[in-house]
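In the order they appear, the protein sequences are chains A and B.
What the first sequence shows, in the numbering used here, is residues 10 to 390, in sequence order.
What the second sequence shows, in the numbering used here, is residues 10 to 390, in sequence order.
Hints are computed from structural coordinates only; laboratory data are not their basis.
Note that the coordinates shown come from a computational prediction; the quantities given were computed from them, not determined experimentally.
Take the hints with a grain of salt, since some may be wrong.
Since the list gives no way to pick one copy over another, a pair counts as held whenever it fits inside one copy or between any two copies.
Stated by the list, open to error - Lysine-lysine pairs mimicking DSBU-like chemistry, simulated, CA-CA at most 35 Å apart:
#: 1; residue 1: LYS13; residue 2: LYS321
#: 2; residue 1: LYS56; residue 2: LYS322
#: 3; residue 1: LYS56; residue 2: LYS323
#: 4; residue 1: LYS215; residue 2: LYS365
Protein chains: 2
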Amino acid sequence: MLVKNRLLIPGPSQVPPEVNAAMARPIIGHRSGDFAKFHEELAKKLKQIFQTENEVVILTGSGTAAMEASVSSVVNPGDEVLCIVTGKFGERFAELAKVYGANVTVVEAKWGETYDLDTVTKLIQEKKFKLVCATHNETSTGVTNNIPALGDLCRKYDALLLVDAVSSMGGMDIKTDEWNVDLMVSGSQKAFMLPPGLSFVSISPKALEVINNNDSTNYYLSLKKAKKSQDKWSTPYTPNVSLFYALDEACNMILKEGLDTVFMRHKLLAEACQEAVKALGLNLLAKEEISSYTVTAFTGNVDTEAVRSLLKKKFGFAVAGGQDSLKGKIIRIGHMGYMDFADLFGVIAALELCLKEVGYPVELGKGVGAAMDVFYRGGRD
Amino acid sequence: MLVKNRLLIPGPSQVPPEVNAAMARPIIGHRSGDFAKFHEELAKKLKQIFQTENEVVILTGSGTAAMEASVSSVVNPGDEVLCIVTGKFGERFAELAKVYGANVTVVEAKWGETYDLDTVTKLIQEKKFKLVCATHNETSTGVTNNIPALGDLCRKYDALLLVDAVSSMGGMDIKTDEWNVDLMVSGSQKAFMLPPGLSFVSISPKALEVINNNDSTNYYLSLKKAKKSQDKWSTPYTPNVSLFYALDEACNMILKEGLDTVFMRHKLLAEACQEAVKALGLNLLAKEEISSYTVTAFTGNVDTEAVRSLLKKKFGFAVAGGQDSLKGKIIRIGHMGYMDFADLFGVIAALELCLKEVGYPVELGKGVGAAMDVFYRGGRD
Chain A
10 MLVKNRLLIP
20 GPSQVPPEVN
30 AAMARPIIGH
40 RSGDFAKFHE
50 ELAKKLKQIF
60 QTENEVVILT
70 GSGTAAMEAS
80 VSSVVNPGDE
90 VLCIVTGKFG
100 ERFAELAKVY
110 GANVTVVEAK
120 WGETYDLDTV
130 TKLIQEKKFK
140 LVCATHNETS
150 TGVTNNIPAL
160 GDLCRKYDAL
170 LLVDAVSSMG
180 GMDIKTDEWN
190 VDLMVSGSQK
200 AFMLPPGLSF
210 VSISPKALEV
220 INNNDSTNYY
230 LSLKKAKKSQ
240 DKWSTPYTPN
250 VSLFYALDEA
260 CNMILKEGLD
270 TVFMRHKLLA
280 EACQEAVKAL
290 GLNLLAKEEI
300 SSYTVTAFTG
310 NVDTEAVRSL
320 LKKKFGFAVA
330 GGQDSLKGKI
340 IRIGHMGYMD
350 FADLFGVIAA
360 LELCLKEVGY
370 PVELGKGVGA
380 AMDVFYRGGR
390 D
Chain B
10 MLVKNRLLIP
20 GPSQVPPEVN
30 AAMARPIIGH
40 RSGDFAKFHE
50 ELAKKLKQIF
60 QTENEVVILT
70 GSGTAAMEAS
80 VSSVVNPGDE
90 VLCIVTGKFG
100 ERFAELAKVY
110 GANVTVVEAK
120 WGETYDLDTV
130 TKLIQEKKFK
140 LVCATHNETS
150 TGVTNNIPAL
160 GDLCRKYDAL
170 LLVDAVSSMG
180 GMDIKTDEWN
190 VDLMVSGSQK
200 AFMLPPGLSF
210 VSISPKALEV
220 INNNDSTNYY
230 LSLKKAKKSQ
240 DKWSTPYTPN
250 VSLFYALDEA
260 CNMILKEGLD
270 TVFMRHKLLA
280 EACQEAVKAL
290 GLNLLAKEEI
300 SSYTVTAFTG
310 NVDTEAVRSL
320 LKKKFGFAVA
330 GGQDSLKGKI
340 IRIGHMGYMD
350 FADLFGVIAA
360 LELCLKEVGY
370 PVELGKGVGA
380 AMDVFYRGGR
390 D
């Protein structure tokens, strides 16, 4: 039976037809004046979404490329780096810092939980770190970490703060400057509603000084080069021009909807998804107060992999399972970017039917009803 | 707040991305050998969906163009024509027959009901009709009329049978030959999943003989010319080449899903929609036994226009209101073509919320639950 492909993994996410259409525009030369002018206008829009006065460079590569660009442009062998790990993408920072020869201190939280602020504070007070790496929205667990608290600490103890907001920027209220984040990383394929292939880094003056004086082992991923080129509205290497067009269209859509409305939509979708999960007797992986607005992870007394497989086969919904230690144990639904309430009602209804099919007791309509109620009341509180 | 455009009027309907992509192919000359070869293969697929051995000509024009082509190619002034009218599109046949000078006899049913077979039988027994016109699926009311019974009568009393299957062909099980339909009309923008702009007419040998010997007042809409051109896999005038590509892709999708599966999907969607409407205490316009599988019309103790307006504004769902005498009184949801269960769950959930917003009593989730139950049980019976 026909089912539509409905991509609700926590990224790549759904792409609006307007964005697809933008990608069909003819390629122009990336060294042309036309491109430079376009790039300059685009960067202004990106800065609005990043809520920053800092420059945001655009890299042709995935989110990991931007993470590596940031780490490799700042870290020298022997530098002290603190990595706050609350899931798979936190681990990635630690791996990267090690690759570039840093002395890495890791603070780990159990997957599904956030970091302990006292532990982190103590560590930062005890040792002088050049760089602190943290994940804003941990895609692997659906946990949102407190970044402002880290920003305060880094300001006080003079460390650079590098934050992965790959799966939250464009969907959640992230105040890059107010939070004192020196390097804020994001990617195209999540709340930005684009296909994969671009990533972004905002660079504070303080970070730029370190970068420009650093003896970095990188070339393609050099933030020094990226920033230097961007000062002339160029890129050091050939950019993905089609995705630049797409980004421009997506930024237009986000800014037209209005940042506050976009953030509210993501918050409502998240709360509705969480309430539906709870109404079905399933268990949220993350406590509600640290739950992400872009991805909901849950588990329950049910074969989650069988449910995921049915969701795809019977209803076309691609949702994610767990990674690493959570493999086979959880389901993750992405609700970011080009997603509205009808999408959410659809996936919850489908989830109920798939749960029922594998023998889990479901009163049909109960989960959807709970999600609808959140929409009706305009939020959970 | 962002909502996706969700086109659930009873046509034009949603277009699959594959079909949109097909329309982006470069135009080729319509008098070329390449086009002729393509046309020949395409016609074979169309015949499978029409369940006919007769040739199906493709016209560049809407469903009304195909209706007019059929009437004008068969009718001469003074001819006796019987029009079975059960809604707006039945009326259109009567209007067309009058324009071409026929003596028109009209059998009318109340909107929302089907025709009375005894009345029709008596009329056909009493008077020799050259042509009988009927609507298979009356889009304005959501009623499906019994065509096989008319086919039997027309065979027995030697009248041509012209049927409008614009909003059902490709979604419902229509046996053109077995039902003895001489001229079966359909259009691109309904269950065929294409944008508007093409229409189709299957022509029986008996109809072709009449057409070829007729002194018709038409030119662009001449079925004689269309059939003559099609014998060489050409068209009399410039065809919409992009929509021919789209049609080919859509036929591939329909045939790949399998006709039986396509028909079952439409039946299930219709039953689920009907059960949801009933569970919400609303009233189906048509009795279930004559209810269409591609469009559901309903009414209730509520301001239907306010609900329609909210559905569009709050959830992006475009659904139709009533036409002519039913204007402002009903809501019509199209569930044809590129539509799956997640779409249906979404629109029902949205309907519930909009009903609640205008003060209609709703227990959130009840309608969706009823629709889910139909899916779960694999049908209503």
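Comparing the hints with the structure gives:
1. LYS13 x LYS321: So LYS13 and LYS321 pass the 35 Å test inside a copy (10 Å) and across (21 Å) alike.
2. LYS56 x LYS322: The answer is between: 30 Å across copies meets 35 Å, while 40 Å in one copy does not.
3. LYS56 x LYS323: between (41 Å within a copy, 29 Å between copies)
4. LYS215 x LYS365: neither (55 Å within a copy, 54 Å between copies)
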